[in-house]
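Enquirer: Read off the chains here:
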Amino acid sequence: MDAVQLLPWSRPLTRADFDKLRDTYADDGHRYELVDGVLVATPTPGFAHQEVSGELLMLLGQARPADVMVLHAPFDVALSDDTVMQPDLLVAPRADFTHRDLPVPPLLAVEITTPNTARLDLTLKRSRFEGAGVASYWVVDPIEMTLTAWDLEGGRYVEVAQVCGDETFTAVHPFTVDIVPALLRA
Amino acid sequence: MDAMTLLPQSRPLTRADLDALRDEGARDGHRYELIDGVLIVTPGPSHEHQQALGRLFVILTAQCPDDLEVLFAPFDVALDDDSVMQPDLIVASRADFTSQDLPTAPLLAVEILSPSTRRFDLTLKRSRFEAAGVSSYWVVDPIALTLTAWDLVNGEYVEVADVSGEQTYSASLPFPVEVTPARVRA
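Chains as they are written, first to last, in the working numbering: chain A, 1 to 186; chain B, 187 to 372.
Bear in mind the hints are in silico, worked out from the structure with no lab data behind them. Just so you know, these numbers come straight off a predicted model, no measurement behind them. Careful, some of the hints might be misleading.
What the hints assert, rightly or not - Derived contacts from chain B toward chain A, CB cut-off under 10 Å, selection only:
| # | residue |
| --- | --- |
| 1 | R201 |
| 2 | D214 |
| 3 | R217 |
| 4 | G223 |
| 5 | T228 |
| 6 | G230 |
| 7 | P231 |
| 8 | T303 |
| 9 | F306 |
| 10 | A317 |
| 11 | G319 |
| 12 | V339 |
Ideal Cβ placement from N, Cα and C applies to all residues, glycine included.
Using the sequences and the hints given, assemble the complete structure.
Expert: In structure tokens:
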């Protein structure tokens, strides 16, 4: 087989490299993200993940103020020229969006874990969102039926909720909404 | 242009997928690693990184007992069928190596930080090594000249050293050795 060079010669990747990569290769169903110039490819989620994502999108969509949008992945959040991420759900002011991306930190990023991405969501992505100034970050485990939420305080994430099953998380940020993990799956 | 795909149709990647990817292309100087079935592609190292790595290799090798071996990247550490990593330095029992990989957790893994990889090294990789039972994990910052070390205690990493500049870390694991961050450069 011909030697295919997948990436430009070794260096921290930029958004331009990343876009070229996505233009060159057919969609293989993985989610490609760029974090600090490092390429991360995660497998497509399964049924439980999609079910929770859909329910949460509806809940947030019903509770949102008119000037705020709730979007689901895949949609680029460009945090810097070396960091383009696609959180499962994001909330941001309508005025902040461009046609192709959100070029500033969202008010809320949500990741729904899978066995393959839980570690990534709880360590690397949490750290990157914190570094970017994403005001709130939620991680939902669709198997264990848990939700953990952090809000930025003085530039650091502080855990504001960890609920399980039938417990209710009454979020204050980015707007008031009640989330019960058990109700996110039929 | 032909529609090439970078990866097999979306699923958690295995070691066989990683090997195929590295056979077919991936000769671009980046480091390809698999963590929980997620592909992580990091840029090649800098001068400062390689200098620190070389010095640290010499320091460790000089004190290494005969039944252990110190090895530097790139060399596969296969923690699982979905996790194949290449720490900058590893220490493991000679008896544990095969000609192509280390198929078990090393006694020590060391990562030299770079601007692109520091977040990965301090969050995601630290968590994966901890879960795999890597007894000791060190990260060295070749610019700030710091060394932070963790040892596993009851399955969790406990910080055992955080030294900088002319301060010395007298490690007891994986064998007695003194490391002074200022000595890993110049």
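Enquirer: Hint by hint, say whether it matches the structure.
Expert: The hints, checked one at a time:
no.: 1; hint: R201; result: violated, 14 Å
no.: 2; hint: D214; result: holds, 5 Å
no.: 3; hint: R217; result: holds, 8 Å
no.: 4; hint: G223; result: holds, 4 Å
no.: 5; hint: T228; result: holds, 5 Å
no.: 6; hint: G230; result: holds, 3 Å
no.: 7; hint: P231; result: holds, 9 Å
no.: 8; hint: T303; result: holds, 7 Å
no.: 9; hint: F306; result: holds, 6 Å
no.: 10; hint: A317; result: holds, 8 Å
no.: 11; hint: G319; result: violated, 15 Å
no.: 12; hint: V339; result: violated, 20 Å
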